[in-house]
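Those sequence lines, one after another, are chains A and B. Numbering follows the numbering used here, with no gaps: position 95 of the first sequence is 690. Numbering follows the numbering used here, with no gaps: position 72 of the second sequence is 80.
I should point out that these hints are in silico values taken from the structure, not numbers from a laboratory. On a predicted model such as this, the values are computed, not experimentally measured, just so you know. Each hint should be verified, as a subset may be incorrect.
As the list claims (entries may be wrong) - With the Cβ distance kept under 8 Å, some of the chain B side facing chain A (calculated, not the full set):
#  : residue
1  : L50
2  : L51
3  : S52
4  : I130
5  : L134
6  : L156
7  : T184
8  : A197
9  : M199
10 : G236
What the hints assert, rightly or not - Where chain A lies over chain B, by a calculated footprint (3+ residues, C-beta under 8 Å):
#  : region
11 : 20 to 33
12 : 61 to 73
13 : 82 to 93
Every residue, glycine too, gets a C-beta built ideally from N, C-alpha and C.
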Amino acid sequence: MARALSPRRLWLTTAAAWFVALLIFFPVLWMILTSFKTEPSAVAMPPQFLSADWTLENYAEVWARSDYPRFFWNSVVISVGSTLLGLLIAIPAAWAMAFVPGKKTKDLLMWMLSTKMMPAVAVMIPLYLLFQRMGLIDTKIGLVVALMLMNLPIIIWMLYTYFKEIPGEILEASRMDGATLWGEIIYVLTPMALPGIASTMLLNIILAWNEAFWTIVLTTTKAAPLSAFIASFSAPQGLFYAKLSAASAMAILPILILGWFSQKQLVRGLTFGAVK
Amino acid sequence: MSTQSSRLAARAMVAPSVVLLLIWMIVPLAMTLYYSFRFYRLLSPDRTGWVGFTNYLWFFNSPDFWLALFNTLALVGGVLIITVVLGILIALLIDQPVKGQGYLRILVIAPFFVMPPVAASIWENLFMHPQNGLFSAIARGFGAQPILFLEQYPMWSVIGIVSWEWLPFATLILLTALQSLSSEQLEAAEMDGASAFSRFRYIILPHMTRAITVVILIQTIFLLGIFGEIFTTTQGGPGSASTTLPYMIFKQAIAAKDIGRAAAGGIIAVILANIVAYFLMRGLGRNLEN
């Protein structure tokens, strides 16, 4: 609904919009700035902006003191793995619900979403015990399965809304041409649904990357991802602000950059296809 | 197009998801239900047995429980109100033909990529800390006493942090809805002399109903289980001032090592979530049709 504004109002609105956006972004910016300061400079009062002592020392020290590559790799495996596994299970389900809807399809979708309303803490102990019995504690495969199940309702929901936009006639035509069910999914549906699948994938990688409950409860060292890495840097009491900021930046920058580059797909994914 | 065989195939394709989610939901729930009626403390492993509703009664008789219940609902309600209202305002602002809209969106979306422990520790240490935080520096700059955010206003502080994390989500969905509104309708209303407020009230707001519904639905799901932000910042304190139901359960399980009580709390939390879900679906379900 963009409409022309008078030049003066345009500048005023632009200034206001930039002010608000910078305000929202400021905590992240301040954290990144702090990560490049020396420790005394990071806690100096009044706060130092341009006059600070800049250094890369914090990153070097966090890198040397902890096994960042392992945490990073675990985060990648767990978030990508759980998303791919989820897609594998969700694509057929969403396909069926979108193209062969029954009377109960809407209720089924709502039920799936409602499984996510169960607070994780409420089932923490039984799940911990189950995982322990199955030898899945502190394993990447355990976390891949747990996060896949956690995000499965969202993956199905998103895919469903995308698939619904694909006209059914195209599928019928391909069926007339003798395509099998799997052929239909692989050669007709998937290429058409690829943008939707990409958005779903992105959003779920981000959700899994940022998941910070099960990843901490179900891991100790071997399979611990970046959320556990950052939890180990807690309680700084003003002594290690710069190092804490550097570790924080290292934990969020990979996903921040991925998110910024794929912003368009992501925004569409974020709306759950419910807003056009 | 749904023949007998395609319907059968469709069932077979939905089945894995349904079965997996059913197991994921029912097995832990059944175990929690079982433990909730048992005496099960890790510190006295020799004593076990059925205790009826004792674990549940402990919750209902604890003043902390009612505070935790209130805090849980205040957190969900507070964050929803803040993010929806600010989200609408920011969406209206960004939707104007401002310079560098693409870059604006990049800045606004950033908090969404910050994982909860990082978000909480940024706010706790770099901003709200009474000695070294930026807020205290600002307060001192004005000659005022620094506000002890996490000590004096722990629940408000947590609501603030969580709102910051969820504001991008609300803003982006509302912005997308706003961008699909036809400008002709607004221009026509403007020509007919409709004020800015009535244009908002009668054209823009109804257009955004569906988007607002999605925001409330999805956020409520995530907000009911908020845990990491409280764990990182206030640890539920001071006292129990910022203890929510999930955090209270966590304290019973980890600090008190009382699995029976924690399980009873878990069942109460599940019931609460179901009540909230019921009202949510009833109140908002209509907006999601078509």
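Holds or violated: is there a CB of chain A closer than 8 Å to the CB of A197/B?
Hint on A197/B: violated, closest Cβ of chain A at ~11 Å, above 8 Å.
Would you settle whether the hint for G236/B is holds or violated, based on the nearest Cβ-Cβ distance to chain A being less than 8 Å?
Holds: closest Cβ of chain A sits about 5 Å from G236/B, inside 8 Å.
At least three residues with a C-beta closer than 8 Å to a C-beta of chain A: is that true for the region 61 to 73 of chain B?
violated (count 0)
When the nearest CB of chain A is found for T184/B, is that gap smaller than 8 Å?
The hint holds - T184/B has a Cβ within 8 Å of chain A, the shortest such distance being about 5 Å.
Hint status (Cβ of M199/B to nearest Cβ of chain A, threshold 8 Å):
At about 12 Å, which exceeds the 8 Å cut-off, the nearest Cβ of chain A leaves the hint on M199/B violated.
Does S52/B pass the interface hint, meaning its C-beta sits closer than 8 Å to a C-beta of chain A?
16 Å, violated
With 8 Å as the cut and Cβ atoms as the points, is L50/B at the interface with chain A?
10 Å, violated
Does the region 20 to 33 of chain B contain three or more residues whose Cβ lies closer than 8 Å to a Cβ of chain A?
Satisfied; 9 residues make the cut.
Let me know if the C-beta of L51/B comes in closer than 8 Å to any C-beta of chain A, holds or violated.
Hint on L51/B: violated, closest Cβ of chain A at ~15 Å, above 8 Å.
Can you take a look at whether the region 82 to 93 of chain B is actually covered by chain A? Rule is 3+ residues, C-beta closer than 8 Å.
violated (count 0)
Closest C-beta approach of L134/B to chain A relative to 8 Å, hint status:
6 Å, holds
Take the shortest C-beta to C-beta distance between L156/B and chain A; is it under 8 Å?
Violated: closest Cβ of chain A sits about 15 Å from L156/B, beyond 8 Å.
Taken one by one, the earlier hints fail for this structure at numbers 1, 2, 3, 6, 8, 9, 12 and 13, listed in ascending order.
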